[in-house]
Structures are given as C-alpha cells and as structure tokens.
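Engineer: Next come the chains, spelled out residue by residue.
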Amino acid sequence: KAGVTQTPRYLIKTRGQQVTLSCSPISGHRSVSWYQQTPGQGLQFLFEYFSETQRNKGNFPGRFSGRQFSNSRSEMNVSTLELGDSALYLCASRSWTSGITDTQYFGPGTRLTVL
Amino acid sequence: KQEVTQIPAALSVPEGENLVLNCSFTDSAIYNLQWFRQDPGKGLTSLLLIQSSQREQTSGRLNASLDKSSGRSTLYIAASQPGDSATYLCAGHTGANSKLTFGKGITLSVRP
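Heads up: the sequence lines are chains W and Z, in that order. Number 99 in the working numbering belongs to position 99 of the first sequence; there are no gaps in the numbering. Count along the second sequence starting at 1, add 1000, and that's the number in the working numbering.
Calculated from the structure, these hints are not laboratory results. Since the structure is predicted, the reported quantities are computational estimates derived from the model, not experimental observations. The beta-carbon is built from N, C-alpha and C at its ideal position, and this holds for glycine as well.
27 Å max Cα-Cα, derived DSS-like pairs, lysine-lysine:
no.: 1; chain 1: W; residue 1: K57; chain 2: Z; residue 2: K1042
no.: 2; chain 1: Z; residue 1: K1042; chain 2: Z; residue 2: K1104
no.: 3; chain 1: Z; residue 1: K1104; chain 2: W; residue 2: K57
no.: 4; chain 1: W; residue 1: K57; chain 2: Z; residue 2: K1068
no.: 5; chain 1: W; residue 1: K57; chain 2: Z; residue 2: K1001
Some, not all, of what chain Z presents toward chain W, calculated at C-beta under 10 Å:
no.: 6; residue: Q1034
no.: 7; residue: K1042
no.: 8; residue: T1045
Label-pair ranges, simulated between beta-carbon atoms:
no.: 9; chain 1: W; residue 1: Q17; chain 2: Z; residue 2: E1015; range: 44 to 54 Å
no.: 10; chain 1: Z; residue 1: G1060; chain 2: W; residue 2: E82; range: 40 to 50 Å
no.: 11; chain 1: Z; residue 1: T1058; chain 2: W; residue 2: Q17; range: 39 to 49 Å
no.: 12; chain 1: W; residue 1: S22; chain 2: Z; residue 2: P1040; range: 17 to 27 Å
no.: 13; chain 1: W; residue 1: L115; chain 2: Z; residue 2: P1040; range: 14 to 24 Å
no.: 14; chain 1: Z; residue 1: E1003; chain 2: W; residue 2: R111; range: 21 to 31 Å
no.: 15; chain 1: W; residue 1: L115; chain 2: Z; residue 2: A1010; range: 29 to 39 Å
no.: 16; chain 1: Z; residue 1: G1041; chain 2: W; residue 2: G58; range: 22 to 32 Å
no.: 17; chain 1: W; residue 1: R111; chain 2: Z; residue 2: L1019; range: 21 to 31 Å
With these hints in hand, go ahead and build the complete structure from the sequences.
Structural biologist: Next up, the structure:
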C-alpha cells in the first residue's frame, strides 16, 4: 500500500498570500488529521476530518481551514499568511476501523516558508 | 488538559549501548500512546502503539511500555546503532477525539 502523500513538498510564499496544501491518505483510510510543527511549539494539532466532516479542531485562528473530499483526500488552506506560519505541515491518516485507537500514519510533510 | 514531557531533549550514546527514552504524561485517562521517529526534515514514522489496556509492545530491537498509574511510558532500544540516530517523539491520545498530544521529542545521536 502506498503511504500518506502530501503535495507540494516545499512552498515559499510572501506575507499576505494564501496557500493550499494537499494530502492523500492511505487507501481505505477515512480519517485525515493535520498538524503544524515548529521548532518552538513542537507538533500542534490543527484539525481532523472524517467522512468529509470536521470532527475536531485545535487552537488555531480562523485563517486555517480545511476540507475533505468524498475520496478522503484532504486540503488545508491558510489565508493571509504571516511570518509565524512558516512550519512543517504534517498530515496523518488512519482507518477508523477501531475508532480512535487506530495507529496514525504520517506523510512526509509540506515545508512552508513565509517571507 | 493533557501535557506530554520528554526529558532530556538530547542524548548521545556510543554504538551498542542499550538505552531508555522516557515520556511522561499528566492525564492518566489515556486511550493509547504512540512512539514515533523523525529524521531531520522528514515526516513521522510510527514505531509502536500501546493501547491503554496493554502494558508493552515490542518490535525488533524496540520495546515500549506504558504505566498509566504513574503517567509514564518508556521506549527501550537494544544494541543501538548509528542508524538509530533521529528524534523520538511520544504522543498520547486522550478523550473521545483523535487529537494526539506530542512531547517535544528526544534527539538521539548514536556515535560509531
């Protein structure tokens, strides 16, 4: 089985722009979660989608949004970029056959740099 | 609110040494605890998942334990190799949502 894939792998944007990141989960996985990783804050949960519905959301401003499509692929959007949004954005998927106790599998991440 | 702590932040050992990485958490109502490995600039690789009903899990040279009552988990690495050099993160699942709460990680360096 192919793993979790994320595109693009690297992005450079300027302040005020918006960006869309994409995540394709492992085939058969129905849940997709997004995390932000920075040197100072570590890994922080952004949100999770299951069956095209947002199940849970972390403590991030409304500039961060996401969605999930019927094929379980997910996109994350950040509007009005700020310098502090520079980070590695990681996507994780799981099957949900055993609910929240399933292992989460992470993709390679998208490295976003905001200038 | 669950908080996960990993101390020390960095560790350097000679090749062949057996070592233990520690992880502590504040909320014992934990569903499961997962250990990950992260190589520089890369994503996370899942190493072991321990359910709340389990005490330990093993995979090759790795053994992870979970003690909910003391709020601790350990990752034991036997006969360490330079290829084990990476950052090791633990993360706990608490509550009826899918959010993982991560520690800051331990950066391990295994010297040849």
